[in-house]
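Engineer: First to last, the protein sequences are chains F and A.
When you number the first sequence by our numbering, it's gap-free, plus one each residue, and the end is 401.
When you number the second sequence by our numbering, it's gap-free, plus one each residue, and the end is 324.
Treat the hints with caution; some may be incorrect.
Only pairs whose alpha carbons sit at most 20 Å apart, straight line, appear in this in silico EDC-like list of lysine to aspartate or glutamate [stated by the list, open to error]:
(1) F:Lys172 - F:Asp224
(2) F:Lys101 - F:Asp34
(3) F:Lys83 - A:Glu145
(4) F:Lys301 - A:Glu145
Derived list of chain A stretches under chain F, where covered just means 3 residues or more per stretch with a C-beta under 8 Å from a C-beta of chain F [stated by the list, open to error]:
(5) 35 to 41
(6) 147 to 154
(7) 161 to 175
(8) 243 to 252
(9) 279 to 290
On the chain F side, residues computed to face chain A include the following (Cβ under 7 Å) [as the list claims (entries may be wrong)]:
(10) Gly49
(11) Phe203
(12) Gly233
(13) Ile236
(14) Gln241
(15) Asp247
(16) Ser248
(17) Ser252
Bear in mind the hints are in silico, worked out from the structure with no lab data behind them.
Note that the Cβ used here is the ideal one computed from N, Cα and C, for glycine as well.
Letter by letter, the chains look like this.
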Amino acid sequence: MCDKATKSILFRTALVACLAGWSAIGLMSSARADPVRIGFLTTLSGPIGLSGAEMKRGLDLALEQLGGKIGGQPTEVFTVDDKGDTNAAVQGLSELIDKDKVNFLTGPVTSNIVMAILPAVAKSDAFLLSPNAGPNPAAGPLCNPNLFGVGIQGDAIAGAMGLYLKKIGKNKLYLMGQDYQAGWDMLGAAARTYDGPIAGKVFTPTSQFDFASEFARLREADPDSVFAFYTGGAAISFVKQYAQLKDSGQVSAPLYSPALADPLLFKAEGDASIGINIIDNYNPEAKNPANAKLVDAYRQKYQRFPTHYAALQYDTVMLLDSAIRAVNGNLSDKAALRAAIRKADFASVRGNFKFNTNQFPIQDYYVLQVKKNAGGELTMAYVTTAAENYADPYAKDCPMK
Amino acid sequence: MTSCRLGVTCPTHCPHALPTALPTRTAMSTSLLLELLFNSVQLALTLYLVAVGVTLVFGVMNLVNLSQGSMFMLGGYFSAAAMDWTGSWVDGAAIGLVAVGVVGALIEFFVVRNLYHRNHLDQVLATFGLMLFFNEIVVIVWGREPLFLATPPGLGGSIHLAPGFFYPAYRLAISGTALVAGLLLYLLITRTRVGMLIRAGAEQRRLIEAFGVNIRLLYTLVFSLGALLAGLGGVMTAPLLPVQTGVGDSILIEVLVVIIIGGLGSLRGALVASLSVGLFEVFGHLLLPIYLGPTTGNALASMSIYIAMAAVLVWRPTGLFRSI
Chain F
1 MCDKATKSIL FRTALVACLA GWSAIGLMSS ARADPVRIGF LTTLSGPIGL SGAEMKRGLD
61 LALEQLGGKI GGQPTEVFTV DDKGDTNAAV QGLSELIDKD KVNFLTGPVT SNIVMAILPA
121 VAKSDAFLLS PNAGPNPAAG PLCNPNLFGV GIQGDAIAGA MGLYLKKIGK NKLYLMGQDY
181 QAGWDMLGAA ARTYDGPIAG KVFTPTSQFD FASEFARLRE ADPDSVFAFY TGGAAISFVK
241 QYAQLKDSGQ VSAPLYSPAL ADPLLFKAEG DASIGINIID NYNPEAKNPA NAKLVDAYRQ
301 KYQRFPTHYA ALQYDTVMLL DSAIRAVNGN LSDKAALRAA IRKADFASVR GNFKFNTNQF
361 PIQDYYVLQV KKNAGGELTM AYVTTAAENY ADPYAKDCPM K
Chain A
1 MTSCRLGVTC PTHCPHALPT ALPTRTAMST SLLLELLFNS VQLALTLYLV AVGVTLVFGV
61 MNLVNLSQGS MFMLGGYFSA AAMDWTGSWV DGAAIGLVAV GVVGALIEFF VVRNLYHRNH
121 LDQVLATFGL MLFFNEIVVI VWGREPLFLA TPPGLGGSIH LAPGFFYPAY RLAISGTALV
181 AGLLLYLLIT RTRVGMLIRA GAEQRRLIEA FGVNIRLLYT LVFSLGALLA GLGGVMTAPL
241 LPVQTGVGDS ILIEVLVVII IGGLGSLRGA LVASLSVGLF EVFGHLLLPI YLGPTTGNAL
301 ASMSIYIAMA AVLVWRPTGL FRSI
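Go ahead and model the full structure; you've got the sequences and the hints to work with.
Structural biologist: What follows is the structure, encoded as C-alpha cells:
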C-alpha cells in the first residue's frame, strides 16, 4: 500500500527510536555494569569427572537461586572440560581468556590443574576462585593476587584431622595414601599435627585398586587408627576391601580420612562406608540459613545431600555474587573488586569463613561420621569440630599482605 | 638412643631393628608370606581370565583384540544392574555373564568380522575405539557415579586356613571360580569337537575351511567365549573394585604384558605369564618399598613387570610359548 518514500521514513524512524532506546539502556548499565563472564574450567570426563559433575550441580543451583545473574548482572558461563589433563586445562584456559574474555575462572577439581594454569592466570586480568583444590605452593611462595582458594588448602584439612587424632588420644597411627603430590601432602600434614607414634606409612601407586597386600601389612602393624587418603574409584576399593577385613575381625582400627566417603560414593560403597570418619570444612548438617537454603533446594532436585564439591562450588558463586554487588557491578576496577572478594562479606554455607593474607581460607573443620539415619539413608553425621578458625601454615611464606 | 633387645618392639629409628626383631616376627611373617602368595594367585587368575580372550582370539583369528578390558568392565555393570533387578547375587551374575557373551558375539558380527583381513594396526585402532565407545556408553546408560556390587552372601568373612593364618573367603572364591573356569576351558579345548576345531583353526585356518567347517560361526563363538571369561573376571572382582567407567583399562595393560611374556596365541603361556606377573606385582609392591624406601621402591615395583617384559622380549622375542 505505502510507497517507497513512506516506507523509508517509517524505517528510519523505527531505526532512530530503536537506537535511542538501545543507547538509553546502554547508558544505564554501562555506568556501572559489566556482564559477568565466568569460565567454568572443570573435569567432566574420566574418573575425576564424578567430582566435576557435582561441582556443576553446585554452580547450576547457585545460578538458579540468583536468577541467572551473579551480582545482579547479566551472567554468561563458558564451560570447558579439562579431562583431568593439565595440557587440556592450559589450552582450555587460554581459549577462555583470549576468546571468551572471561573475568572469572572457577571449577578446577585437582591441585595439579591449579598448579598448571596458575602462571597463565597470574598474567591475565581474570580472577581464579578455586572451589576445591588448594595446592601448598599456591598458598605459600607462589601465592598470587589473582588466585583465591575459596574451598580448602590441602594441608589444612589433613592437619585438622591430625589435631583431632591427637586430641582423642590415638597413639598408634597408620598412614596410607596414593603416591602423588596430594597424597604426600595430606599424609605429611596429618603426621605433623598428630605428632605421635606412627605404626606405619605406606604409599600406593595411583593405578592400584587392590590393597590386599597392604592390608596384610597393616594388620601386622596392629594400629589403633588409620589415616587414609584415597579418592574416587580407589576410595571405593579401599572402603570395600577394608570393610571385608573388619567384618571378619581381622582389623579393628577405625578409618580417618579427608576423602574416603561422601554422598557421591555412598551408592558404590554401600554399608561398607558406615563408621568412616571424614574431616571436612563443609558440614551438611550445619545449622545456618545459607546451608539450609542449599540443602533444601539440593535435596529437592537430586534426592540426596550435596557433597563437599557441590557445596563449595555453590559457596564460591555466592562469594562472587557478594563481591560484585559490593562494587556495584563495576568489574573494571580490579583493585576494588579484589578487595571486595577478600572481604568475603557473604553468608557462607560453612558458617565461619574469612580469607587469610594468602587468600586461602581461615575456617572451621568438622569431623563427620558415616551413619545410617532413621530413613535407612547413609548420611555424613556431625561428630565434633576438630579445629576452629584454622589456617594453613603456608601463609607466612606468601609475600602478599 | 634405646638399645634393641630381643622381644622388645623396636622403634622405627632403631638402627639395627631388623636382625634382633626378627625372631618375634618370624611366626607372623610366615602367615604374611602365605597371604601374599594367595593374593598373587588371585591376581594372576583374574588376569588370566581376561588374557584368554586376547590370546585365543589372536591364536585362532590372528586378530589383536583390545576390547577385552571393556568386557571386564561390562561384566561388572551388567551383573550389578541384573542383581539390582533380580535381587539375587547368583542370578544377577549369571544374567550379567550371558549378556557379556551376547555383546561379545554382537561385536564380532558387526565390527570385528570386518577386520580379519586388515593389518594388525587397523585391528588395534578399531578395538581400541571399541574400548572408548564402551567407556562412554556406560556413562550414558548408568551415569558417571560408580555402581554398587555387594559381596555375595556368606562370603564376607575370613577362613581359618592354618594356625594364625586367616584369608578372606571371597578372595578364595575368586581364585576357585577362576580355576574352575580355566579347567573347563582346558577340557573344552582338549576334549571336545569344538576345541579340536579351535586348535585346528589356530594351526591351519584355510584347511579347516576347506573341510566345510563353518569358520564364521567358530570365530563368533571363540570371540564370545573370550568376552564371557573377561566378563567373569569383571563380575568376580566387582565386589572388591569400583564398578565404574574405565575400570578395565588398567587391567588391559597388565594383560598385554601377560600376553607378550607368555607368547601371543598361547593359552599355556598366558597362564605361566599371569602367575609370574601376579608374583611380581604383589611381592614387588610390598618388598621393594621396604628395602629401597617408598619412592624408589614404589617406582621400581610399578616398573617391574615391564622390565620383566622387556627382558623376555630380548631373550625370546616371540614370548615363552608358541602353540596354543
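Engineer: Going by Cβ atoms only, is F:Phe203 closer than 7 Å to chain A?
Structural biologist: holds, 5 Å
Engineer: Is the hint on F:Ser252 kept, meaning its closest Cβ partner in chain A is under 7 Å away?
Structural biologist: violated, 13 Å
Engineer: Can the restraint linking F:Lys301 and A:Glu145 be considered satisfied, given a maximum Cα separation of 20 Å?
Structural biologist: Roughly 17 Å separates the two Cα atoms, so the pair holds.
Engineer: Does F:Ser248 hold up as a contact with chain A if the rule is Cβ-Cβ below 7 Å?
Structural biologist: holds, 4 Å
Engineer: Are F:Lys172 and F:Asp224 close enough, with their CA atoms no more than 20 Å apart?
Structural biologist: OK: F:Lys172 and F:Asp224 at ~5 Å, within 20 Å.
Engineer: Is the hint on F:Gly233 kept, meaning its closest Cβ partner in chain A is under 7 Å away?
Structural biologist: OK, holds: F:Gly233 within 7 Å of chain A, min 4 Å.
Engineer: Can the segment 279 to 290 of chain A be counted as covered by chain F under the rule of three residues or more with Cβ-Cβ separation shorter than 8 Å?
Structural biologist: holds (count 4)
Engineer: Taking the least C-beta to C-beta distance, is F:Asp247 closer than 7 Å to chain A?
Structural biologist: Where the cut-off is 7 Å and the nearest Cβ of chain A is about 5 Å from F:Asp247, the hint holds.
Engineer: Just to be careful: measuring from the Cβ of F:Gln241 to every Cβ in chain A, is the smallest value less than 7 Å?
Structural biologist: This hint holds: F:Gln241 lies near chain A, its Cβ roughly 6 Å from the closest one there, short of 7 Å.
Engineer: Could you check if F:Ile236 really has its C-beta closer than 7 Å to a C-beta on chain A?
Structural biologist: holds, 4 Å
Engineer: Verify the proposed pairing of F:Lys101 with F:Asp34, using a straight-line Cα cut of 20 Å.
Structural biologist: holds, 12 Å
Engineer: Mind checking the alpha carbons of F:Lys83 and A:Glu145 for me, to see if they're no more than 20 Å apart?
Structural biologist: Cα-Cα ~16 Å, so holds.
Hint 17 from the list above is the single one not met by this structure.
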